[in-house]
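Novice: Now for the letters of each chain:
Protein chains: 2
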Amino acid sequence: MNEYGETNKKNLPPEMDAEEFRRFGKQMVDYVADYLENIRDRKPFPDVSPGYLKELIPDKAPDEAEQWPDVMKDIERVIMPGVTHWHSPQFHAYFPTANSYPAIVADILSDAIGCIGFSWASSPACTELEMVVLDWLAKMLELPDCFLHSSEGHGGGVIQGTASEATLVALLSARTQRLHQILGDKFSHSPDEGIISKMVAYCSAQAHSSVERAALIGAVKVRLLETDEKFSLRGETLQRAIEKDREAGLIPFFLCATLGTTSVCSFDNVLELGTVCEKEGLWMHIDAAYAGSAFICPEFRPLLNGVEHAMSFNFNPHKWLQVNFDCSAMWVKDSRLLSDAFNVDPLYLKHDNQGAIPDFRHWHIPLGRRFRSLKLWFVLRLFGIKGLQERIRKDVKLAHQFEELVKADQRFEIFGEVVLGLVCFRIKGSNEVNERLLKTINDDRRIHLVPSKVNDTFFLRFAVCASRTESKDVKFAWEVIQELTKKISDEKK
Amino acid sequence: MNEYGETNKKNLPPEMDAEEFRRFGKQMVDYVADYLENIRDRKPFPDVSPGYLKELIPDKAPDEAEQWPDVMKDIERVIMPGVTHWHSPQFHAYFPTANSYPAIVADILSDAIGCIGFSWASSPACTELEMVVLDWLAKMLELPDCFLHSSEGHGGGVIQGTASEATLVALLSARTQRLHQILGDKFSHSPDEGIISKMVAYCSAQAHSSVERAALIGAVKVRLLETDEKFSLRGETLQRAIEKDREAGLIPFFLCATLGTTSVCSFDNVLELGTVCEKEGLWMHIDAAYAGSAFICPEFRPLLNGVEHAMSFNFNPHKWLQVNFDCSAMWVKDSRLLSDAFNVDPLYLKHDNQGAIPDFRHWHIPLGRRFRSLKLWFVLRLFGIKGLQERIRKDVKLAHQFEELVKADQRFEIFGEVVLGLVCFRIKGSNEVNERLLKTINDDRRIHLVPSKVNDTFFLRFAVCASRTESKDVKFAWEVIQELTKKISDEKK
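Here the protein sequences line up with chains A and B, keeping their order. Going by the working numbering, the first residue of the first sequence is number 680, and it counts up by one from there. Going by the working numbering, the first residue of the second sequence is number 680, and it counts up by one from there.
Any given hint could be a false lead.
[Claimed, not checked] Taking beta-carbon pairs under 10 Å as the criterion, some of the chain A residues facing chain B (in silico):
id: 1; residue: Pro781
id: 2; residue: Cys805
id: 3; residue: Ala898
id: 4; residue: Asp1005
id: 5; residue: Gly1047
id: 6; residue: Leu1053
id: 7; residue: Gly1108
id: 8; residue: Ser1109
id: 9; residue: Val1112
id: 10; residue: Trp1157
id: 11; residue: Glu1158
id: 12; residue: Gln1161
id: 13; residue: Glu1162
[To be verified] Not everything, but these chain B residues come out facing chain A in the computed CB check (under 8 Å):
id: 14; residue: Asp871
id: 15; residue: Glu978
id: 16; residue: Phe979
Don't read these hints as lab results, they were simulated from the structure. Backbone N, C-alpha and C define an ideal beta-carbon position, used for all residues, glycine too.
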């Protein structure tokens, strides 16, 4: 009874046919619109205990195919009770993760094309659109020309899965570059002399844990350096650390500077750090995973000054630029240094146009890659630069609104500085009382926050996350916090 | 003029509202159904030169938002001319990549929920569904109980992005385990004694390039070992290599065995290899990226015998099990060994239920992760085990059909053995004539193949890839090959 189904049924397994997909897919589109438009009605944090889900479904896969309406029904029964709603206007934990309608639609197309873009030949559009939209994005950030595919040199951008992977790729490329410098013709990825264990990477003590992890994977040492009173890593601190390590016979080779740390959204001084790195021959990578999106606004672009000293730069459009996860944009000045670190080239992946255009598999850890530039392309076109800037500005404004509310209450203090969409705050007093407040807030479940700790000071982080967050939600969150502060204060009495 | 739009418009950027999304999303669902149902009308390999795409679109992002119908129009104008159609029944390159309607619909939901599942608390459903469906899948493969989350020990499955990442995770975990064994209390991820550069990993000469790459990232040595006449790595060969390396003062620590090599779909002897690894204290990882899906059929399950000796096992449901990329399933016997290798635990990621349930961020390279188990769940339910088995059997049957056609033509020979859905073949004669045939086939563009080379013998690979491939397509492909063989033979005269 359908246009395509009958032919299929004759030759193929009893799987979903195109007509069923049209109905199922459209029903899911409606479900998704309803979910997101009514997300205010759901509490941001779920009320389940570990192991809740396995009680709700069978312990083995069905032998026979089920019907899709039964699967649809199970979304509310099985899945939703255990979802942390990152797109609730009452979700203020971690950092934002993007979720926009244009990106969702682009992903439908990406899934349907379903190409694996490891080389140009494996799907030319996949490589080429990525080159063009990464250049678009580089121009929006006013990155120096040397980071563009369209420039003369070997620079360019690539989509990584996560900032963690970008940091790892940068560190491994720097390690390979340094091995080449030291060993020359005797280069090996696994040199006998124990050189790698002498290599030292640096970052600030507030850098993301992924830097430590990249060092651990790369088998190099890592130093978490002290920051100044604004939680910013300064040039002098790096300079001293390099000198000390050199005196100990070690080999400084890599710095990961952070613009917008996860704990407090502080900014390392990349102008100073870049100068030191150039003088001392270190690879400077800049991780601006969260903050990077803000640099498309002229008023925030100065925070990126000094990027010209970096060998590589990364931020996550999947955080604050409306492109659904995963889409981490990374630019390098010399892509040959990435290829050097990763190139192992079997015949079944070679093609006639090799060398004329990047084979992005040499730019990252996985071999396979999805057609992720489609969602970036859809988002940039359907928001326009102005639309994306407005979103950034709205969120920063809401953060300052929350900051003012905190400041107006004598029981509280702001921790660090509010620059973008994150407000760190605490009850004036012990860590314990702040820990109790955090637990009370999350147990209450009307809003959701996570804490952090810097220099042994425990504080709460209020991040403006969901695109639907408005002024009234900020006010609501503050009222909840005040109410629960009173509650724990009363309990204590 | 819409149900939700007006409120949005007042406070938010001029972005797509829910009503527009409903129309856009549904139009995309129809586009996708039309694309896939009519994919036979498109040539599998595009006729473009490097740089084609940048001529078709602007060189910067628009300032103002565009309209979605204009984006829709550009799909056929800009994207499709440069797409390699992996789901064309005439595409026989590489290995299959999955593409099914249930998985596409599941991804819409995954995108909309848009949670980042790095810890249990960040979205309990994301972690828990993954645990359950990986157990479902483990049971379908008849993996030993020790690989199940529901078993007593510390085993379990996790979704990685790609098999390359699974191999890397296994190698790094093995490296850490061995460092612990050697250094004891003095353990360090970056030990001073140059121990890591003494470590040796092994795989067969036909193993995927990602093993070599994992070794390179891990800064350990790697040996590509010779295989037997069936391109299978045997226990004795490994035993000899271990002994030789030990004599040279090196530290054998890891074997990646392959079930279904990329070049020829050959199978290492994991029963023999596993015995050697257990005796010699090596971590055996099994990479069954492509072939693993077939093991859900009882008739192919014996190929997996010996998996009980493995510390880790991986295959890609995103290749041959109807789950769109990326979904690489990995199981380990002792997940603590993964956490050991990757655990760096900042406060902002801690939560109350830590330890009670896996935080999957410790099981892989990236921190962030999508809700990928949804597509596995949808696929397993909407195909059922029988539906998935039928697909495997259909493809193997088609491969044997192609094999018979090749064998019936005296000019050709089969290279290796046809076990699953890959047929390696060549013109009896020089590598050059086979290279010319391959180039002629791909220039012709009616079908698409890639070559490989083993022991200096160049051959063509015919993989049954798309779910829509039928007997008539196999016949068509062979007719094209015969026609073009005649053409190059005539040209030579």
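Novice: The structure should be examined with respect to each hint, and the outcome stated for every one.
Specialist: Comparing the hints with the structure gives:
no., hint, verdict
1, Pro781, "holds (6 Å)"
2, Cys805, "holds (8 Å)"
3, Ala898, "holds (5 Å)"
4, Asp1005, "holds (7 Å)"
5, Gly1047, "holds (5 Å)"
6, Leu1053, "holds (8 Å)"
7, Gly1108, "violated (18 Å)"
8, Ser1109, "violated (16 Å)"
9, Val1112, "violated (17 Å)"
10, Trp1157, "violated (18 Å)"
11, Glu1158, "violated (19 Å)"
12, Gln1161, "violated (23 Å)"
13, Glu1162, "violated (22 Å)"
14, Asp871, "holds (5 Å)"
15, Glu978, "violated (17 Å)"
16, Phe979, "violated (16 Å)"
Consistency note: the structure conflicts with the earlier hints numbered 7, 8, 9, 10, 11, 12, 13, 15, 16.
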